[in-house]
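Student: Here is how the chains run, residue by residue.
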Amino acid sequence: MTPPGTPPGTPPGTPPEASLSEAGPSEAPLRRTLPKITDRFAATGAVLIVVVAAAALLAPWLAPYPEDAVDPVNALLAPGAEHWFGTDQAGRDVLTRVLYGGRTSLFIAVSVLAVSAAVGVTLGLVAGYAGGWVRDVIMRVTDVFLAFPALLLSLMLAMVLQPSVTTVIVAIAVTWWPWYARLSASVAASVATRPYVDAARCLGVPAPVIIVRHVLPNSITPVLVQISLDAGGVILTAAALSYLGLGAQEPTAEWGLMVDQGQTLFTTNWWVVTFPGLAILVTAFAFNVLGEGLRNALDPRRVVR
Amino acid sequence: MTSLRAERVTLGYGRTAVVHDVTLDLTEGGVGLIGESGSGKTTLARAFLGLLTPMSGNIWYGTQDLKKVDMRKFRGDVQPVFQAEALDPRMRVGSSVAEALPRADRHRVPDLLEQVGLTPDLATRRPHQLSGGQRQRVVIARALAVRPRLLILDEPTSALDVTVQAKILDLLAGLDTERLLITHNLAIVARLCRTSHVLFAGRVVESGGTADLLARPAHPYTLALREAVPKLGGEPPAARGRAEARPAGTGCPFRLRCPLAVPECERAPALREVAGRRVACHRAEDVLNA
Amino acid sequence: MIEVRDLQVRYGTRVVARVPELDVGAGECVAIVGESGSGKSTTLLSLLGLTEGADVSGHVSVCGVEVLQASPQQLRRIRGARVALVLQSPQAALSPTTRLGTLMRRALELHGITGPRGGGPETGGPETGGSAGSRKERSWKGRASKGGLERVMVEAVEAVMLDPEILRRYPHEISGGQAQRFAIALAIALGAEVILADEPTSALDVTVQAEVVGVLHGLREERGLALLIVSHDLALVSTIADRVLVMKDGEVVESGPAADVLTRPSHPYTRELLEALP
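Sequence order for the protein chains is V, Y and C.
Numbering-wise, the first sequence is residues 1 to 305 according to full-length UniProt numbering.
Numbering-wise, the second sequence is residues 1 to 290 according to full-length UniProt numbering.
Numbering-wise, the third sequence is residues 1 to 278 according to full-length UniProt numbering.
Keep in mind that a hint or two might mislead.
Calculated pairs, DSS-like style, for lysine-lysine (alpha carbon to alpha carbon, straight line, at most 25 Å) [stated by the list, open to error]:
| # | chain 1 | residue 1 | chain 2 | residue 2 |
| --- | --- | --- | --- | --- |
| 1 | Y | 167 | Y | 68 |
| 2 | Y | 231 | C | 248 |
| 3 | Y | 167 | C | 248 |
Worth flagging that the hints you see were computed from the coordinates, not collected in a lab.
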């Protein structure tokens, strides 16, 4: 059989039979067209994220005013030529605060995801590869963490610790890693049964090396997709904690905190709360779109089903 | 000869046994393990490779129990050749072969590839850029890297096109290692193994010289296996609707499919000597004379 | 039943299959033999218009429908109901949470079948009864004899030598050979006149393979089904095919009556295939 899905630009020397047979012949044509569409989907998300991240990183150069330039005389100005997004109750420029706030929010998101992924994936891979009692122990611990409602646990932790950006990161990461542990454990368990893992074991390759060299690269894809899908969630959770006064503190600019402080003014001075709210929305949306697109691009069969 | 021997091993996953009380000697001249999917042949292979610990019984490596053996030495002696999918899809095939070698010996990769009939420049390819036959050759090259004395071949050609299969068999037949060949394909056993064991539902039902066994089966299952292989221009097969029947409880596991079954088959037959081989069938004599 | 002239399937500029002539009549069995990449499966799929993204040219007529000119509705009507496709691993196509009986009943209802018919469907064979099944049977469990629909289902399942009890099972509870035979039973229940089989037994053990091939052969003898089998196994198809097409790199290198091709191969590739047989 000839693979209908082989694009014209197949690398030279690729034997025709190499790429087919696993893919059911009927879905091959779909696989050919779908990634293009979904790639565009993912690209939209990626572009949005790059824009948001660049805006946040370049805040000191982009922002029209210093981060905490208080100007009570010009408090609560409506959006206009001087202040595109208006000013808040302390007379600070909302555009400036949104830009700087992005740094805090993205920093929180990246930190939470990095910490939870590092912890979760490490434990998950070990559990999935080792199996037996090792897996049982790790998974039971994971289950205990999963049993708590995530937001509630974060809230409790944030209350016990001093309210700060670090607190938010710790509180969310604690509730976030078990998901990655569980996901990577199940993927790793199936990768661990592949013949190439057995072959490596028969060559006497030590278990840690097998995990890093074979199991990790072959099971990381779904975790990466999950991480990008989760980024929006982390930003929202961080915003919620800050909104409840348990996270970033004045005068740090943070989107959730800004929404919190602006909420009473919503009916009279809508811009104070709307712009940071929009920033949260756009960023969360962008990450979700990217994750969804990544998932489709990396595993087109999921769409076909 | 690297002596590897299973003595009354029962193997399984969790609490479910899939191989029951099997005694098997890996002797010279190649040993074949014939069975269908679900017969437990791959499980047995994993036990021989030290990847699975028996629930009961022992695997002997020379005079030592495999559980207590210096695995470093064992790994240098016994290597598997799995199906072509046994290569890490994300790794260049050269690195897959190099993984078998100590750092100082990595320069041997091109030689090893040539030894299995591949050009060394393929080393930089990834598995999906190779054909099925080339992948299988890489798998063999990796196994040969440690200069093993025994290869455990698990369906080494079943995923390949027939013309490719023939070439891989030539390659395997030319290697100067001992081999345990695990397959459902009677034809390739005849080519590579002097002795064969037929496995059914996790039990050895017939053992003997391969040629003898295929020419005059003494177990009805061996006979059924042989008859089921399509012959060029042969008669169309007749469907009897029983090919997958597995009875519960004790007794001969083949009795529901057996054309010769008698009430006696409700009692499990033990392996016994019949006409120079070992057969687990109450009616082995009748099968031989049929 | 199947008539193909000058079929050519291309992806971009690459021709993946070219078949000058292929005919399968009622009660005939034709086999396309070749190795990976020979274009044999592509040929099969093009008969049902399933080669999306490909440029297909030529003349393809299946059950009187001009496939290359047919509207999607026309194609949908012949797919399944009159022409059944049997793939290598049918289990993947069965919804894991649905009992096989429910699955089969849904397929029948979808094609508007409510009771038994005689002879070939739509060709107006001898009409026998079949009105009893018009009411929907909610439960076919108990004794699967009430209602015309049940009769069709049980009869189809028995035709492939399966115990009707299998209708109560879930897809994961059956073996590969049983799944393959169930797929064939489904085709029979739907009244298929043509079965297209793509490597129907290469995932099965030899003894099970013999059974599935035996079932296919029996159906063609008893019911006059037209059979087109794609396989890499020359020995296997030689036992049931009337005619054989040997394909290599998208081209038909040899075709003719099975006996001729096998005993007097004219193309070196066919000889190579024959010699490679163990």
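Student: Against each hint, give a clear statement of whether it holds in the structure.
Tutor: Evaluation of the provided hints:
1. Between residue 167 of chain Y and residue 68 of chain Y the alpha-carbon distance is near 39 Å, which puts this suggested pair outside the 25 Å criterion.
2. A C-alpha spacing of about 22 Å is found between residue 231 of chain Y and residue 248 of chain C, which places the hinted pair at or below 25 Å, so the restraint holds.
3. Using a Cα cut-off of 25 Å, the hinted pair residue 167 of chain Y and residue 248 of chain C holds, with the two alpha carbons roughly 18 Å apart.
Hint compliance for this structure: hint 1 alone is broken.
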